[in-house]
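Trainee: Sequences are here, hints too, so could you generate the full structure?
Chain by chain, the residues run as shown.
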Amino acid sequence: EAGVAQSPRYKIIEKRQSVAFWCNPISGHATLYWYQQILGQGPKLLIQFQNNGVVDDSQLPKDRFSAERLKGVDSTLKIQPAKLEDSAVYLCASSLTRGQSTDTQYFGPGTRLTVL
Amino acid sequence: DAKTTQPTSMDCAEGRAANLPCNHSTISGNEYVYWYRQIHSQGPQYIIHGLKNNETNEMASLIITEDRKSSTLILPHATLRDTAVYYCIVRVMEYGNKLVFGAGTILRVKS
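Chains A and B, in that order, give the protein sequences.
So for the first sequence, my numbering puts the first residue at 88; every next one is plus one.
So for the second sequence, my numbering puts the first residue at 201; every next one is plus one.
Note that these hints are calculated values from the structure, not bench results.
For clarity, every value in this text was computed on a predicted model and none was experimentally measured.
Glycine included, every Cβ here is placed at the ideal spot set by N, Cα and C.
Accuracy of the hints is not assured; some may be wrong.
[Said to hold, decoys possible] Computed far set for chain B versus chain A, every beta-carbon distance over 10 Å:
no., residue
1, 205
2, 207
3, 209
4, 213
5, 216
6, 225
7, 252
8, 260
9, 270
10, 274
11, 276
12, 308
13, 309
[Unchecked claim] Below, in silico cross-link-like pairs of lysine-lysine (DSSO-like), each with a Cα-Cα straight-line distance of 27 Å or less:
no., chain 1, residue 1, chain 2, residue 2
14, A, 131, B, 298
15, A, 131, B, 203
16, A, 149, B, 298
Mentor: What follows is the structure, encoded as structure tokens:
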């Protein structure tokens with residue numbers, strides 16, 4: 088079974104530029120998550136989708152971050168404009184169902200973003 | 201905020217058992233304990249989870265105390281490839297069962 092795919096793996100941009108990350112979850116997984124992981128910290132949830140609808144985006148900085156999952160499968164996360172503090176690894180995860188206490192999340196390898 | 205407390209780092213000799221402790225004194229009766237690990241430059245990897253009873257799978261064993269206020273993840277025969285950050289997570293129902301990661305424990309397996 089293929090895992091969660093993410094691209095690109097690495098991205099370097101200058102501040103105020105825009106950037107987009109792509110994620111393809113495990114086939115059949117209804118729920119998709121985007122996390123931000125700053126160096127030395129654990130991942131922090133940015134947004135959770137159930138199929139193509141947003142379940143939780145309470146931690147998403149909506150003035151500069153946006154995400155979509157139009158067909159309920161793959162997803163893109165965009166930052167516009169980027170700030171220095173956005174330098175982090177952006178992780179995508181998926182799970183079969185939604186938010187149940189026994190629902191296991193599977194993570195992709197992440198995209199490492201460096202903002203100069 | 202994470203509901204767990206873990207040591208910052210631990211060392212373990214290769215081939216020996218690695219015992220990683222976690223305190224979760226405010227856990228509620230229907231909240232699960234999850235363990236993930238993150239090897240350098242990779243995404244977190246699911247290891248095991250449990251509610252009340254001890255659990256074992258091909259990767260590890262999870263021992264939960266009777267009062268459920270703490271647990272221990274056991275890697276029975278640690279190898280160099282087990283060097284990683286290990287996260288103990290309590291899934292909180294009022295947070296929508298989200299995974300709330302703390303800083304975790306850095307486990308260094310040494311030859």
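Trainee: All the hints need checking, so say for each whether the structure fits it.
Mentor: Results of checking the hints against the structure:
1. 205: Since the minimum Cβ distance to chain A is about 13 Å, residue 205(B) lies beyond 10 Å and the statement holds.
2. 207: holds (15 Å)
3. 209: holds (12 Å)
4. 213: holds (26 Å)
5. 216: holds (26 Å)
6. 225: At about 19 Å from chain A, residue 225(B) clears the 10 Å cut-off, so the statement holds.
7. 252: holds (13 Å)
8. 260: Correct as stated: the minimum Cβ-Cβ distance to chain A is 14 Å, above 10 Å.
9. 270: holds (19 Å)
10. 274: holds (20 Å)
11. 276: The claim holds: residue 276(B) sits with its nearest Cβ about 22 Å from chain A, beyond 10 Å.
12. 308: holds (16 Å)
13. 309: Residue 309(B) clear of chain A: closest Cβ-Cβ about 20 Å, beyond 10 Å.
14. 131(A) <-> 298(B): holds (10 Å)
15. 131(A) <-> 203(B): Distance of about 14 Å is within 27 Å: holds.
16. 149(A) <-> 298(B): Status holds; Cα separation ~20 Å.
Checked against the numbered hints above, the structure breaks none of them.
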